[in-house]
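J.: Protein chains in written order, with our numbering: chain A, 1 to 365; chain B, 1 to 365; chain C, 1 to 365; chain D, 1 to 365.
The set of hints was computed from the structure by calculation and includes no laboratory data. Please note: incorrect hints may appear among the correct ones.
[Stated by the list, open to error] Facing chain A, from chain D, some residues (calculated, C-beta under 8 Å):
1) Y213
2) D245
3) Y264
4) E315
5) K326
[Unchecked claim] If we take Cβ atoms under 10 Å as the criterion, some of the chain D residues that face chain B in the derived model are:
6) S60
7) E61
8) I190
9) C204
10) V206
11) V255
12) K319
Yeah, the Cβ is synthetic: ideal placement off N, Cα and C, and Gly gets one too.
There are 4 protein chains.
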Amino acid sequence: MIKVSIIGASGYSGIYLIYALSLRPDVAISAITSQTYSGKKLSEVFPQFTKTGHKHNLASELEFSSFDAAAVAESSDVIFFCLPHNESSKLIPDILKKNGKIKIIDVGADFRFDRLETYEEFYGKHNAPELNQKFVYGLSDIFSDKIKNSQFTANPGCYPTGALLPILPLIFKSAVDAAFPVIIDSLSGISGAGRGIKLQNLFCEVENSVKAYNVWSHRHLPEIQEKAAGAFLNSGGKSDNNLPDILFTPHVIPVSRGILTTIYIKLNSGISQENIMEAYKEFYSGSPFVSILKNIEDCNIKNVVYSNNCHIAFEAGKKQNKGMIKIVSAIDNLGKGASLQAIQNMNLMFGLEPNCGIPEYSPFP
Amino acid sequence: MIKVSIIGASGYSGIYLIYALSLRPDVAISAITSQTYSGKKLSEVFPQFTKTGHKHNLASELEFSSFDAAAVAESSDVIFFCLPHNESSKLIPDILKKNGKIKIIDVGADFRFDRLETYEEFYGKHNAPELNQKFVYGLSDIFSDKIKNSQFTANPGCYPTGALLPILPLIFKSAVDAAFPVIIDSLSGISGAGRGIKLQNLFCEVENSVKAYNVWSHRHLPEIQEKAAGAFLNSGGKSDNNLPDILFTPHVIPVSRGILTTIYIKLNSGISQENIMEAYKEFYSGSPFVSILKNIEDCNIKNVVYSNNCHIAFEAGKKQNKGMIKIVSAIDNLGKGASLQAIQNMNLMFGLEPNCGIPEYSPFP
Amino acid sequence: MIKVSIIGASGYSGIYLIYALSLRPDVAISAITSQTYSGKKLSEVFPQFTKTGHKHNLASELEFSSFDAAAVAESSDVIFFCLPHNESSKLIPDILKKNGKIKIIDVGADFRFDRLETYEEFYGKHNAPELNQKFVYGLSDIFSDKIKNSQFTANPGCYPTGALLPILPLIFKSAVDAAFPVIIDSLSGISGAGRGIKLQNLFCEVENSVKAYNVWSHRHLPEIQEKAAGAFLNSGGKSDNNLPDILFTPHVIPVSRGILTTIYIKLNSGISQENIMEAYKEFYSGSPFVSILKNIEDCNIKNVVYSNNCHIAFEAGKKQNKGMIKIVSAIDNLGKGASLQAIQNMNLMFGLEPNCGIPEYSPFP
Amino acid sequence: MIKVSIIGASGYSGIYLIYALSLRPDVAISAITSQTYSGKKLSEVFPQFTKTGHKHNLASELEFSSFDAAAVAESSDVIFFCLPHNESSKLIPDILKKNGKIKIIDVGADFRFDRLETYEEFYGKHNAPELNQKFVYGLSDIFSDKIKNSQFTANPGCYPTGALLPILPLIFKSAVDAAFPVIIDSLSGISGAGRGIKLQNLFCEVENSVKAYNVWSHRHLPEIQEKAAGAFLNSGGKSDNNLPDILFTPHVIPVSRGILTTIYIKLNSGISQENIMEAYKEFYSGSPFVSILKNIEDCNIKNVVYSNNCHIAFEAGKKQNKGMIKIVSAIDNLGKGASLQAIQNMNLMFGLEPNCGIPEYSPFP
């Protein structure tokens, strides 16, 4: 039995973790903490949990509590943090003092960057720089070997997950012409903005609202850049001068969930559509979650929402398009982009199959 | 291993059956038939099935076939029919000739009525009147005892499921004043209209479209009437003259899934709000699927979509409202109202727990 | 030129007033006040106004100001109040001291009730009881004669507008059997909850959310009751004992705009479907806004959103339904149910045609 | 009084033309033709038209008829064609024989291309090549001078309108580095697919569906290419070799209306953000419809739906982005992208102000 706690459990990623973990016969939920709902029953706040959960672990009996480092440290084998940035890094050192072996999966941003300077430029002063290098970047379908051996995992951002899964194999295989910018154009459902109570997230403001935002400065851009740069250097790129510029444009569209990412890449000369398929097969043919679809129109948010799946499709341009390729990926921002990838990471960290106890759901219609 | 076939598998209820059954380790899907897609792979038509399904029963390997009575009869322990009305009753006699012990669950309307005349008034000439009395009405949470012992189950309509679960316990407990009409006002998502390609179901026609339809003549009215009448007679009502009039008004609202039903009933004098709660507890306290909520506002389609759950809440009027009570129920029209209730029935018919292998999903957000 | 001011102009009804009034060549907008946006340009806050408005009255040049009783009183012929309840009644006495002839249209609730006790039971202590009897109830298509001669109009609530337009003609014509409750079941878009920043109005909470609320106690119930009672007494009902009970159940559905109301009435014996049609024709055949449709399915929110129109359709039950009739009405909650009816009232109060300068919009798709 | 006929009037762009034209006191609608609804009243098919239309021209009295070349030619000053491609070009020659002076505005694709070969490559054999050169490309806000003097106008496609309005001024001012592809990434509402009854347009299939389609081969790509190439040559580009590659990726998102277009351009060296603003001001400062917004997040479909407005915003990259600029435009695909631009063209062709009788609507919420 794996004892888990979820800190910040009443936001969208926290709730999804509760739902998915409560179904598992091999998991016991020790604590779900929430400032807002502390002392309230889960099913009172979220009536959808009335009859949910595995019998030894009924969601209907769970109760939100306030955070208590000692209690959580003692009662858990693994802790999931679902907090705004700069919060988990305040709490983790204290927990480790009480339980040095506890595993930690941070769904937030605090430990995603190798370079602290980049983190601090975008998120402000880091609260636990001494811990930063201990964390592994939890892009599970690429870095599973490292994750398996790690006590600490930084779960990737939602946009980076949708962008890096299609891009990294091509960089690792030296297929990308670094002289040309990699353009990443993403469409996200509203839940990506979290459960914060803001005017711009009201139904009447969101409905029919489609816009780009933070077009040159979104916090997920440096995360994509750092991981792409790592892959370039790893694949033989010699210096930062050889790295392609990465342009990232997030948009919000009026759906609750899902991210569709359209990517424009110039391939190195001699790289064919077949080479691309081979690169993907090499990385993902054994994956229980990443699929390469033949038809780019099938790569649709509708086919992956609620799941831990990532669908990828691509189509190279014609001769006159001079090596340009378009790649599309679809993920669920809360599933693959947050909570279910976090569980996939937990599975790896505990030596389980990656798809153990991950709901395979893709609702239709 | 239970061998199942699904006839008419590419409509909304058929697909949901495939999804849910393919996850079960104790079920093997023998055939999924579809006129439209015969010969095509499931995952080709529905890319969301790319990585779905229990390992011994991968959804990605399923293929639609055309209907073949002999093949289906031989290879199946139970058949689910998801066909337009008057279709299953044409096919079943032939199947029974080849395999007299096969269990049948008809998700369609053909065998829902005790009185053939009522069926024929609303649906046209019946194709297998000799079989009609063999079918049990599959409102699982009420009639589980009969269903357990039946070879043939007629799965209820979606509106009747949402209406009868809250109404029948009150009738059985003689709480309903039959001198006053029972008013049933239902709001259904669009998937209730099926996957037929019609102008009125186009996105641009449906969006923002909210209307009542068939306000005095919907086919689910006689189904509700017959089952309510049966309960009245069962509870001591002496003749048809004592039955209340039932008014049923279906509406469509622009969501894909879910039925919210608001019911207005006049209680017999002396019946208190506590009596109502007792009646529900008597019927549903052990149920894995039916919940009585305290707060009527929590009774929300959002909290049950995709699931086999039924949420019910009620509030009695004040003194001046002279015994009137309002009851609200929420179900998923394709889950509880069709495919998952059908699996619940299958579980009962095979001696399994009712909630065996039924996805407990209620997505949020 | 009619000089108008709008107090509380940045909520949904205020904005719609600005939009519609700014298009008129015969109206000059003197002030739009908003606590939140005071000092900001309209087009800065609402970019949709960038190129909107009649040329002498460009929306792009309007600016939100803070409320100033003297300035508003001096610069306006008519003031629209779009404030939370108990606010306008604080401000109006002061304005009248500075300009005793100013016309006032209160889109809020403060002056809708004849009986102050009823108001105070549901809304709290009234701030200007001495002014209450001067206000006329602004259900324009019924009470136009009174409104024409009034300086003060209380604009009806959105639900009461959708309910009273179909009900009042039947009561006035003594068609309603008062021994039976009148049941009013309404479905409203989210904008009815206003622009307040609340968790329950977030897109991800609202999407797929369908529920009933305040099922015995909504503030619009006493408003409907008082106006219905007035009509009953007016049509010969002798005392309150003869009034039917009114049951009102509001629901919210995940659309921005529109109210569909389904009404169940028992007709007095001898009243036929033709009598109903005659009653409606008598009241509405000359109306530029109220239409009686033949087909109840055409009575759809989609056909009236954004407009000042009210569509009504009805269908009597069969013999066994003993005089029951179902009536459906559709309005736009912000147009007919608030801002455009307010402009219709302004037109009447200024001796203009009721449909003068009212946008006739019904967008499709 | 301008006498107009609309051929193919029951599709989405036809209906929008009827709505907008019926409101005008200076327009008389002579005929609205529809194969599907011939003989039916407009208000019978579309109940939203029950009380719409200017009094001398009531929408409620309009009736669909079948197409009759002679009748239409005689009774009209101008004809709008809203037909599938290759249809208007069959009908127009016949009409011109009966009335050589009739003005024609083709909302369809038949006469949009200068080069017939390009048309035929994407749309098939042209039915009236001899007429092709007589048509002017009706991108009203750029080519108004030509349109004013033309008898025949080819209304642009919806995607090209959203793409060319932001791009052409930059090409004309030689700001675009042709060595780098221009990347156009567009998100369109579902109504862009028309009112055809197809599985993929059903509500339950469209809801939550977000995908790219025809990523290298959409028919609007050659239209954008031809007009961009024309501008390049016009601005001093010497040959086709100097033209940039244009990449166009259309997506569908689950809203009814609107197109958001995100454009990636490399600026010629020395071109600053200020130069871009000047170029736009030169082209659009006097325009009643095109606005340049300061804030890219304000450039939102929500702010232009139903209108003839085009909102444009842009933001240049940082130093390391080497001259890259992102531009976003928002239009309504049926308004600016079809019917209202067609009316703007009619206004120009009849010597009226461009914004005469064009509804300025942008609904909120």
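J.: Each hint needs a verdict: does it hold in this structure or not?
T.: Results of checking the hints against the structure:
{"no.": "1", "hint": "Y213", "result": "holds (5 Å)"}
{"no.": "2", "hint": "D245", "result": "holds (6 Å)"}
{"no.": "3", "hint": "Y264", "result": "holds (6 Å)"}
{"no.": "4", "hint": "E315", "result": "holds (6 Å)"}
{"no.": "5", "hint": "K326", "result": "holds (5 Å)"}
{"no.": "6", "hint": "S60", "result": "violated (20 Å)"}
{"no.": "7", "hint": "E61", "result": "violated (24 Å)"}
{"no.": "8", "hint": "I190", "result": "holds (5 Å)"}
{"no.": "9", "hint": "C204", "result": "holds (5 Å)"}
{"no.": "10", "hint": "V206", "result": "holds (4 Å)"}
{"no.": "11", "hint": "V255", "result": "holds (8 Å)"}
{"no.": "12", "hint": "K319", "result": "violated (40 Å)"}
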